[in-house]
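Chemist: Sequence:
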Amino acid sequence: MNSALLMHPVVLDLDGSVGPFDHSIRLPLDDWADQLRFACSRGALRGFARELALKLPLNPGPVFMGSGDFHHLSLPLLERASTRTAVDVVVFDNHPDNMRFPFGVHCGSWVRRALALPGVRHVHVVGITSADIGLGHAWENYLRPLYAGRLHYWSTGVDVRWARWLGLAPVFHAFDHIESLLQAFVAHMADERLPIYLSIDKDVLSIEDARTNWDQGVMHESQLIAAIQALHGRLIGCDITGEVSVARYPQWWKRVLSSLDRQPALSAAEISDWQADQQALNRRLLPHIQAAWQPDSA
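My numbering applies: residue 31 is where the sequence shown begins, and numbers increase by one.
It is possible that some hints are incorrect.
As the list claims (entries may be wrong) - Estimated spans, in silico, between C-beta atoms of each pair: (1) D245 - A199: 22 to 28 Å; (2) R194 - Q65: 37 to 43 Å; (3) A306 - R76: 34 to 40 Å; (4) D221 - L296: 20 to 26 Å; (5) P87 - I255: 23 to 29 Å; (6) D303 - Q65: 25 to 31 Å; (7) T115 - D221: 14 to 20 Å; (8) A217 - P325: 21 to 27 Å; (9) H167 - S252: 27 to 33 Å.
The hints are simulated quantities; they were obtained by calculation from the structure and are not laboratory data. All C-beta atoms, glycine included, are put in the ideal place defined by N, C-alpha and C.
Let the hints inform the model, and build the full structure from the sequences given.
Modeler: Below, the structure written as structure tokens:
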């Protein structure tokens, strides 16, 4: 048996949204939730990274982080993984997570900082359907990593002709259908050899497959699993976000900025049902992620 199958999943329990797994390691971190959720200062993120360094096992299995509001917490996990070897990063996400944010680190701005890590070579954001990469929001994207050829967007259903006008066509992979997008992505990655850090925000999935409180993409669970399987033997780290929980921001500026995203108000019954569905999905995804792990890193 692949020893990666024996790796224990880790839950960063920030918002109580991730259910139980067999043989998991659960770290109670709810004291950090208000400070980190949605956005935080760089100092706060460094403090959180120090606590993780004390509590995480040396070679953690897949890490479940809760709501997509915590996706920027991929940074300390990625930094840890990329100190051992150079990596490419694959992010399945409905959003580019490369948007301008001047007040620290935001769940939608972390990719640029990931590319500043010495061990990170390329980042591929796969499954984007968000208007964040359309003409109306083009100015909000950090362009330097795109011009450097180190950040690639893989999208469907978004008009990205503006990228051609700016000479960015080589890093904008736009498709009419998610099937053709994933076929091209898998073929592209087959030509690469670096180990991979995988980050999954389940808002990349269709609402038929999972429900999150962010706008969602069109990928199906079976397609996500097939893409993960295509990375077999190359994963050295992974995190998963996209759970459902209620945010009650104590900071006025977070309340203002988060209101612009128009997240729906959910009843307690809806939250409970969606969390149960999400946990069932997590249990289905977990063995495929573990099976794709690089044997030497297990």
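Chemist: Hint by hint, which ones does this structure get wrong, listed from lowest number up?
Modeler: 4
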